[in-house]
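The residues making up each chain are set out below.
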Amino acid sequence: MEISTTDIKEKIIASLNIQDITAGQIADDAPLFGAGGLGLDSIDALELVVMLEKNFGIVIKDMEEGRPAFQSVATLAAFVNAKRSV
Amino acid sequence: MDKIVIAATSQVAEADLKLARLGSRFGRLDLMSQLALLAVEKLGVNFDSLPRERIAICLAARAGSLATDAEFWKGRDAAGGPSPTLFAYTLPSAAIGEIAIRHRLTGPNLCFVGDSRDVLAEAADLLRRGEADACVCVYCEVVSSAAAGMIQSTPTSNVSALFLQRDGAGQILPEEFDSDMESFCAKFRA
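Going line by line, the protein sequences match chains F and C. Counting with this note's numbering, you get residues 9 to 94 for the letters of the first sequence. Counting with this note's numbering, you get residues 196 to 385 for the letters of the second sequence.
Don't read these hints as lab results, they were simulated from the structure. Note that the structure is a prediction, hence the values are computed from the model and not measured. Hints are not guaranteed to be accurate.
As the list claims (entries may be wrong) - Pairs of lysine-lysine residues, derived as DSS-like cross-links and limited to a Cα-Cα distance of at most 27 Å, are as follows:
no.: 1; chain 1: F; residue 1: Lys69; chain 2: C; residue 2: Lys269
no.: 2; chain 1: C; residue 1: Lys269; chain 2: C; residue 2: Lys213
no.: 3; chain 1: F; residue 1: Lys69; chain 2: F; residue 2: Lys91
no.: 4; chain 1: C; residue 1: Lys213; chain 2: C; residue 2: Lys237
no.: 5; chain 1: F; residue 1: Lys62; chain 2: C; residue 2: Lys269
no.: 6; chain 1: F; residue 1: Lys62; chain 2: F; residue 2: Lys91
What the hints assert, rightly or not - Far from chain F by the CB rule (all over 10 Å, computed), these chain C residues:
no.: 7; residue: Ala208
no.: 8; residue: Glu209
no.: 9; residue: Asp243
no.: 10; residue: Arg247
no.: 11; residue: Arg249
no.: 12; residue: Ala265
no.: 13; residue: Arg271
no.: 14; residue: Gly302
no.: 15; residue: Pro303
no.: 16; residue: Leu305
no.: 17; residue: Gly309
no.: 18; residue: Arg324
no.: 19; residue: Ser340
no.: 20; residue: Ala343
Here a beta-carbon is modelled for each residue, glycine too, at the ideal position from N, C-alpha and C.
Could you build the full structure based on these sequences and the hints that come with them?
Structure follows, in structure tokens:
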């Protein structure tokens with residue numbers, strides 16, 4: 009079964025303990041890091057790596073591999089689905 | 196000798212966090228940092244009244260970061276390992292950083308693992324030496340069930356805060372005192 013962007017948003021909110029923001033308030037293509045999006049930082053990035061392993065069994069050993077995936081919710085969902093189909 | 200006054204006091208417990216709204220990233224903080232931030236917020240101090248670089252922060256934690264250390268250790272067997280975010284809070288001084296960031300305070304800071312009297316005495320000395328004009332004092336008694344077992348203590352989660360100022364308005368801090376911060380907070384509570 010394909011992982012939706014809503015699934016990813018809910019996992020991000022839960023794993024990063026983000027308060028007062030719902031999945032519906034996060035745009036699929038909004039940047040995860042820096043201004044204009046969720047404003048996540050480098051520690052959040054590590055937490056997202058743990059979240060991917062915990063929830064989807066995806067292990068990212070090289071952060072360079074993960075960098076394009078962590079652009080937005082949409083890219084992260086696409087990355088998860090591509091990894092799960094292998 | 197300069198007169199040191201207690202300009203504001205506050206006390207919070209874990210139950211107070213239910214109604215706390217301190218931004219979307221408040222949930223990422225460990226319990227001690229959350230309580231410390233809330234206690235400082237409840238002081239109701241207008242930090243704009245003084246230059247930010249002249250406001251110090253002194254914090255003591257009775258059990259250091261043991262509660263967070265134990266939680267981090269517990270996660271070592273989980274898939275993906277323990278939480279990287281939690282790792283950032285396995286130092287009691289992390290709470291000082293959170294206070295400094297939120298209120299943009301850039302004065303000196305001190306962190307103790309110990310008694311709240313250490314905080315008051317050191318903060319008063321800091322002000323008397325002229326290193327700062329005011330000091331946010333925080334005493335954290337945060338001992339989780341897991342941590343309590345390690346130090347033969349009872350679980351607790353209370354944080355007291357005081358705002359000390361040189362020559363400001365408020366109750367005068369005695370030059371010699373044997374009370375702890377909780378007693379001062381109780382005595383001077385508005």
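Violations among the numbered hints, reported as their numbers in ascending order: none
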